[in-house]
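Participant: Numbering follows the working numbering, in which position 94 of the sequence shown is assigned residue number 94; successive positions increment by one, without gaps.
There may be inaccurate statements among the hints.
[Unchecked claim] DSS-like cross-link-like pairs, simulated, lysine-lysine; straight-line CA separation at most 27 Å:
#1 LYS103 x LYS61
#2 LYS449 x LYS293
#3 LYS300 x LYS380
#4 LYS300 x LYS345
#5 LYS345 x LYS380
#6 LYS352 x LYS428
#7 LYS489 x LYS352
#8 LYS90 x LYS61
#9 LYS227 x LYS300
#10 LYS111 x LYS293
#11 LYS293 x LYS61
#12 LYS400 x LYS380
#13 LYS400 x LYS300
#14 LYS449 x LYS489
#15 LYS90 x LYS111
#16 LYS103 x LYS300
#17 LYS449 x LYS428
#18 LYS111 x LYS61
#19 LYS352 x LYS300
#20 LYS400 x LYS428
#21 LYS352 x LYS380
#22 LYS62 x LYS103
#23 LYS345 x LYS400
#24 LYS90 x LYS103
Source of the hints: derived by calculation from the structure; they are not laboratory data. Computed from a predicted model, the values in this text were never measured in an experiment.
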Amino acid sequence: MYLMESPQQCGDAGMQPSTLLSLPEELLESICQIILDSRPTYSFNWQQPVVSLSYLSRTSKKIYRIATPVLYSTFDTRHVHKVQSQIYAKFLRTLFERPHLAKQVRRMYLKALYFRLADFEEYQQLCLALADSLGLAISRSIHDTYRSSFQGSSSDGGYSDEDDEPEVPSAVPFQSTVLGYYEYATLVQLLIALVPNLRVLYFEAREVECTDRRMGGSFIFLEELAKTGRASLLHLEEFAFSHNNSDPITFDYIHGILDLSPNIRSILAEPCDDPVDYHSDKPIGIQNVTSLKISGCLSKEGLRTIVSSRRSLEVFEHTHHTKYTDPDPPPMTPREAIEILDLHKHFLRVLKLDLRFRNNHRLDGRCKFCFEGHQIVTLKGFSQLESFEVDGSSILFPQKDDNNYHTEVLVNMLPRSIRCLSLQEVQKEGAANAITLLEHRSAFPFLNKLILFGNLLYSPLSPDPVTFPEHELEVLRQLTRAAGITFLKPSFPRSDSSFQAARHELEEW
């Protein structure tokens, strides 16, 4: 492994092999895992635990046998800011040459900020050799790849061995090949193809190299491997991807991962927009996903396409944001989201909707508090819902000067099963509605946590902060204390409270 090449950097880690050898193997394995997990975050010494464990693993055959699976169980580049190309390539070479170590990899956290293989010919040859063993044509011209996508190929619209023209690496400049043009995406796919026992995959790129699947820049090679059966990720349960791309990224981009991983349970997508085709003959391969967390811009039909692809959804979190001033189709309203999620009303346990930026393309630049007709009306049918987090753009409290003023919005909305309620950046009437909710405590016997704060300074909902009446807060304190309910707010001074600080730790009111 790349961090095993310089054991002198760590010195004697303060552990005597003779002492360790006397311990049970289960305890030795736990010690190795603790060493690996002690990696500091955002530190120049973040690799020290890996080096120490690498050095320790070579002190005896017994410790090597126990420590090696732990050492190779996690590949993490999130805190590497230099020589990323070499680190990826060296790890790839190790797994290619020693397949038994590739089977030990359980978690990969892949992040690239600066990536360049063009200056490392030996690693280019390594990638070509690995791709050749998998039947992938990564040395062909990127223009041929694009052209062949239109000419078509197999009857199912995919690639087949007959479609690939013989490779002539010397005839194509490196920068014009698929590997040269999409270095990071190609290397990542080769790496993923080698680790059949992977359970957790985190993929991050500052700029996604290509969103057009016809160009081979997305995970199209993994789609080929899924069709030929030369690779699989049957054990993958958690998948997360994020990017800072200027173009929209959809689930279409990660089809290759999904095709290889039929047993994914959790997906985090930051950001992810509408599926390209609402009526695609090929459904999104996330039937077994139970936890879905998406940021981005989703329309009503886009959400329906994604949600209808699942059997039972237990966790759904969505934060709206988009770089476009007038998204088309328009983003879904809170009420539309609930109507669509009704498909999973007997399974959903956690629901979070943050739609504060949903209407920030309006001329006044503000979404304002929830519009009439857009608000969430009821969640009574969601029989398993335990945690509900919502902001002021999704819930509408009648104002005191309205003819229809009342404080039973929450009582009429929430199901009996609710345990945690989080109302963020809401109107000042939110406190009175929370009081009424607690006065009907018998209807919500499992409620044990209430998070409440008004609209923050410089919020996308309104430039003016909302402060709840002190007498209402005092009533809430008394009611929550008597009922044993935790009553929380953001842990920053009210005078400094702003939208930018909204994600601080929570504290009791």
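Participant: None of the hints should be skipped; say for each whether it holds.
Facilitator: For each hint, the structure was consulted:
For the proposed pair LYS103 and LYS61, the alpha carbon gap of about 20 Å is at most 27 Å, so the pair holds. Note on LYS449 and LYS293: the hinted pairing holds, with a Cα-Cα distance of about 22 Å set against a maximum of 27 Å. For the suggested pair LYS300 and LYS380, the alpha carbons sit about 21 Å apart, so the restraint of at most 27 Å is met. Distance restraint check for LYS300 and LYS345: the Cα-Cα separation of roughly 17 Å lies within the 27 Å cut-off, and the hinted pair is therefore satisfied.
Taken as a hint, the LYS345 and LYS380 pair is honoured in the structure, with Cα atoms around 9 Å apart against an allowance of 27 Å. The suggested pairing of LYS352 with LYS428 holds, with an alpha-carbon distance near 21 Å, which does not exceed 27 Å. This hinted pair checks out: LYS489 and LYS352 have alpha carbons roughly 17 Å apart, not beyond 27 Å. A C-alpha spacing of about 24 Å is found between LYS90 and LYS61, which places the hinted pair at or below 27 Å, so the restraint holds.
With a C-alpha separation of about 32 Å, the suggested pair LYS227 and LYS300 falls outside the 27 Å cut-off, and the hint is violated. Under the criterion of a C-alpha separation no larger than 27 Å, the hint pairing LYS111 with LYS293 is consistent with the structure, at around 19 Å. The hinted pair formed by LYS293 and LYS61 fails the criterion: a straight-line CA distance of about 44 Å is larger than 27 Å. Proximity of LYS400 to LYS380 is assessed by CA-CA distance (about 25 Å); at most 27 Å being required, the pair is judged to hold.
A C-alpha spacing of about 32 Å is found between LYS400 and LYS300, which places the hinted pair above 27 Å, so the restraint is violated. Taken as a hint, the LYS449 and LYS489 pair is honoured in the structure, with Cα atoms around 11 Å apart against an allowance of 27 Å. Distance hint between LYS90 and LYS111 is fulfilled; the C-alpha atoms sit about 15 Å from each other, no more than 27 Å. Restraint check for LYS103 and LYS300: not satisfied, since their Cα atoms lie roughly 41 Å apart, outside the 27 Å limit.
The straight-line distance between the Cα atoms of LYS449 and LYS428 is roughly 20 Å, inside the 27 Å bound, and the hint therefore holds. A C-alpha spacing of about 33 Å is found between LYS111 and LYS61, which places the hinted pair above 27 Å, so the restraint is violated. With a CA separation close to 16 Å, the supplied pair LYS352 and LYS300 stays within the 27 Å bound. Distance restraint check for LYS400 and LYS428: the Cα-Cα separation of roughly 10 Å lies within the 27 Å cut-off, and the hinted pair is therefore satisfied.
Of the pairs offered as hints, the one joining LYS352 and LYS380 holds, with about 16 Å between alpha carbons and a cut-off of 27 Å not exceeded. For the hint linking LYS62 to LYS103, the alpha-carbon distance of about 19 Å falls within 27 Å, and the restraint holds. Between LYS345 and LYS400 the CA atoms are separated by roughly 32 Å; this puts the pair beyond 27 Å, and the hint is violated. The suggested pairing of LYS90 with LYS103 holds, with an alpha-carbon distance near 17 Å, which does not exceed 27 Å.
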